[in-house]
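Engineer: Required output: the full structure, derived from the provided sequences and hints.
Chain by chain, the residues:
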Amino acid sequence: MISTGLQHLLAVITAALPDDDGSSFWMPPQVSTVAQGVDWLFNFILAISVLFFLLIVVAMVIFVIRYRYREGQQAEDSPSHNLALELTWTAIPMILVVVIFIFGFKGYLDMSTPPSNAYEILVEGQKWSWSFTYPNGYIDSDLHVPVDRPIRLVMGSQDVIHSLYVPAFRIKMDVVPGRYSKAWFEATRPGEYDLFCAEYCGTSHSGMVAHVIVHPVGEFETWLEKASNFLETMTPVDAGRKLFQVRGCQQCHSVDGSAKTGPTLLGIFGKQETFADGTTITVDENYIRESILEPQAKVVTGFEPVMPTYQGRLSDPEIMAIIEYFKSLDGTSSEE
Amino acid sequence: MAAQHHDDDHDPNLAHHFESTEQQRQSAKLGMWLFLATEILFFGGLFVAYTVYRGNHPEVFVFGAHFLDTALGALNTVVLIFSSFTIAWAVRAAQLKQIKLLKWLIIATMLCAFAFLGVKYVEYSAKWKHGLLWAGAYDPHVEHEEAFETIEVEGELHTPEADVEIIEIEEIQPVAEGEIVEPVVAEVEIDPAPVVADPDSSTIAPAARGPEGLAGPVEEADHDLVPVEPLNARVFFSIYFMMTGLHGIHVLGGIAAMLWLLKCLRRGDFDGGHFTKVDMVALYWHVVDIIWIYLFLLLYLID
Amino acid sequence: MAVDNPSHDGAAVGTQNQESYLTHGKGILSWLFTLDHKRIGVMYLVAITSSFFLGGVFALLVRTELLTSGPTIMTADSYNKMFTLHGAVMIFLFIIPGIPAAIGNFVLPLMLGAKDVALPRLNLTSFWFWMVGAVFAVVSIIVGAVDTGWTFYTPYSTTTGTAVISMTLGVFILGFSSIFTGLNFIVTIHKMRPEGMTWFKMPLFLWGLYSTAIIQVLATPILGITLLLLVAERALGVGIFDPTLGGDPVLFQHFFWFYSHPAVYIMILPAMGIISELVSVFSGKHIFGYRFIAWSSIAIAMFSFLVWGHHMFTSGQSGITNMIFSALTFSVAIPSAVKVFNWLATMYKGSIRLATPMLYVLSFLFLFAIGGLTGLFLGALSTDIHLHDTYFVVAHFHYVMFGGTVIAFLGGLHYWWPKMFGKMYSERWGQISALLVFVGFNLTFFTQFVMGSHGMPRRYYNYVEEFTTLHQASTIGSYVLALGFFIMAGYLIHSLFRGKPAPDNPWGSATLEWETSSPPPYYNFDRDFNAGDPYDLKSLQYDPATQGWVRKDPQSIVLAEGGAH
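For the protein sequence lines, the chains are A, B and C, in the order given. Going by the working numbering, the final residue of the first sequence carries number 336, and the count climbs one at a time with no gaps. Going by the working numbering, the final residue of the second sequence carries number 1303, and the count climbs one at a time with no gaps. Going by the working numbering, the final residue of the third sequence carries number 2565, and the count climbs one at a time with no gaps.
Just so you know, the hints here were simulated from the structure itself, not pulled from any lab data. Worth double-checking, as some hints may not be accurate.
Cβ-to-Cβ under 8 angstroms is the rule here; a few derived chain C residues that face chain B [what the hints assert, rightly or not]:
#1 K2115
#2 H2190
#3 I2240
#4 P2243
#5 A2327
Glycine residues also receive a C-beta, built at the ideal position from the N, C-alpha and C atoms.
Structural biologist: Take a look at the structure:
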């Protein structure tokens, strides 16, 4: 009872009082099984820090006032060392940091050891988008997971080092080209949460934001089923739009006329494009297909040759759907 | 310390902020040792890179070392060790005010340094000729000036291991027995790798010496699988050129330092037995020598 | 030679015509080719404070862009260059040379009662290397700048199209400047201490400089080779860091942090040395726990080489590796903590004067405490996973580098200013500026802790809406900071022309640099010393006539067989 009261007092002082979802002055909502442990250690260190900080600052203020310079007076004689005192104030911090280290290490072991029945999702990071491949082969640009189920992420990068970070889960792991890195989590609360890239990777590093959608019990499978069949269940234009949105295109191409890293796709079909070498072309199905599979072949003047190839990553039906979608971007229908 | 400075007051070699020649000498020595520590650490980073890469990809180093001429490397090692001897003797000569001997010893050391660079030039130009350069410029080939014979082979080449169809052989360099040849990588499209041609059934004259894996094993008849060029073989040459190149730059620095010593000698700095400058340059030169010895061991003597 | 500078009895330097190192030798060449450590120190001071202002401009541009969650005043590419240049300029041009070059060069020989450093020509060479390195950096900025972050992580740094090579070469050359300075200081401290000054009778600022110099000499070569490898990878396609050639991009991180972690101790150790001096003098008391502070400086220097992996907890290195680095990281925290207690204990029962340098001491204790304590969150593995690469880290290192090193640098600058230039600055404006810097700093950076723990990643051009208010508060804080610095530049420069002439010993310190005039003559001293306890403040008394402090017994520290050089 007293210790709860004390914890409460400390929490108030350190502004660590949690809300219902676990969020506090310092922390975002606690949505994974490890979040509580991480936050607990954070608050523990915070309490120790506030304690020592107050000790230092209060002592400092008191000394400045109490021992301020007075005309004609010199400082009192006092010893300039004291072994017992110095040993004590060395030993106590030492013990405290050992405790902190142990808790940190234990928490880390939990965070880096996935349970054996984890549901595996493959993650690909590239400049500047994420793609998540589900066990049935379906690829999405957002991470959908079922609640209360351990998820294991196997991650690779197409180009430079990225880092997958979900603040609400308290997890982070670098995504490195040339090797696979792994992370795991178990979400405890349905909802939608931010997923950031946390390793600087160039122009749109801050644009490389995805979402984690935690589905309530039973709903994840339904979603996956429906999403995987989008080519069958949607019209080609809608399917093309979905592909455009989830396969990393919209990070660099707008549909509203504004130029981003790549040219806008508004009115693209039938447009006259001029390339860096001076040649021109009227945009047709073949040109769009070539731009997707061999993006460096013809680069529109004024843009950099930075588009990655989708060779092997988009099937022919998918490319056809995208082409249909582009045809629909003629400015007559409303697009985002 | 303060009391001594009157004796050295008029010593032109004593800088004004030092109390005594001894203090000056000790300061120079400590400074030079610290500088040498930084040099060791500087090269140390490259040795770490070497260790990490070789630990992960040993086959790259085994392959690459074939293209280094151990004899030339050994020659360079001997040259540098000898030059360490001459510069160490030079320090002694300076201590004993043997100016003429000192001069010739410094010159001898410099000649050794030039000889070292000459040998490296020979090695580097051979590599350049055959495209055995660092990763970005790696393009192994045989120069057309070298004598070669076009051999037409018809039909299939049978080997004990598998039926192999030689699609195209660009060039094979026949060599007379005993002739020393810079090993050459000839591009042979063989499908699949690795392959050893059976000397009994092959119609291609075997080379007296050449990189293994191409037409004709020379000594053994037991047809071991021999390495063809591993993926990333080019990284060996990256490491080779970086390490020996950086070392070569330091050799040049040493030559410059010795030229400076000769200038000081002509100015009469060493007439009074002040040997500190020679001592410092000698220390530097010994480190350059030691680093080369390790390079020789690590790059040339890979089994 | 005749002693024509009779100021060692404490008399204030009266007229403007007084000969000193500033007037000995005229013209720009006499400065650029000088061997006088004091002139070299002053040139460094000008150089690094200019760099600080340049780095500060980049910072203000970064913070202004972050006023809104979307694009504000520049494109993403420009923003990425801004934060990169802010980091690179501040770290390599300002803070690493910082205290050792600008203050250490001036003060070290004087504190030893010596005429110069051991290797004056090397000292000048070190300065020239700084200039050349700075030129390379400026060239890089002009031809398109760099957008890799100051950490140059591969493969981004090996593939980006920006001017990486010229900047990396600039930093490489700056590394030589750092090595030579460190080398010089080690030799000077070993070989040129005066009679009576054993190792444990040295002022603690020299222990700080010495331990820093050890790191400079041992760690900087690793940076050198790392940068050379980076250049080779870009220019020659060498392949050590390229995964398509079997290389390892994470290897770069190991190389880089093996230098850059010790580098942060290059930044803080001299700062701690300054605080030791200031807290003692302005408390009118002997420093508390001298031996511990001295040993802890060496211990920190040694331990600093063992913890680089704590920058890489999420890089994919093994659990064992992470555990070892976490454990070692905590061990290096202890000596720093204890120093803070020692400084506080020095104030206890002291006679505390709140002159401007002392305000910076108080600032330091406050800010460095926060900076150090927030390191605990980052050293612990489970919390670091969450906090790594967020604004929490940005806040932490600004609290220790800025709230620690820069604040101590400012304290030292205000402390030794009278000695360097013979002028006193306005105490009133000094206090105002110190307050603005303190308030502005906290407003800028404390909000960043909260942002970071809520998940705001670093190096972000745009950010999610929820962080807007915190970012705006932070930006306002940065403008307050800028104001504080402009005021500081104002009154300091003003003092050069209109400041009251400074006495030999305006603050009442017992270290040897105060035994000569302010500013010193070019030959530093007119006598040799038998040094006493550098913290024996009771051996001094205030002299109202000169408004300075004098020794009760001027002969007590003079070497018996003295005499002009």
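Engineer: Decide, hint by hint, whether the structure agrees.
Structural biologist: Here is how each hint holds up against the structure:
1. K2115: Given a least distance of 4 angstroms, the restraint on K2115(C) holds.
2. H2190: holds, 6 angstroms
3. I2240: With Cβ-Cβ at 5 angstroms, under 8 angstroms, it holds.
4. P2243: With a minimum Cβ separation of about 11 angstroms from chain B (threshold 8 angstroms), the hint on P2243(C) is violated.
5. A2327: violated, 23 angstroms
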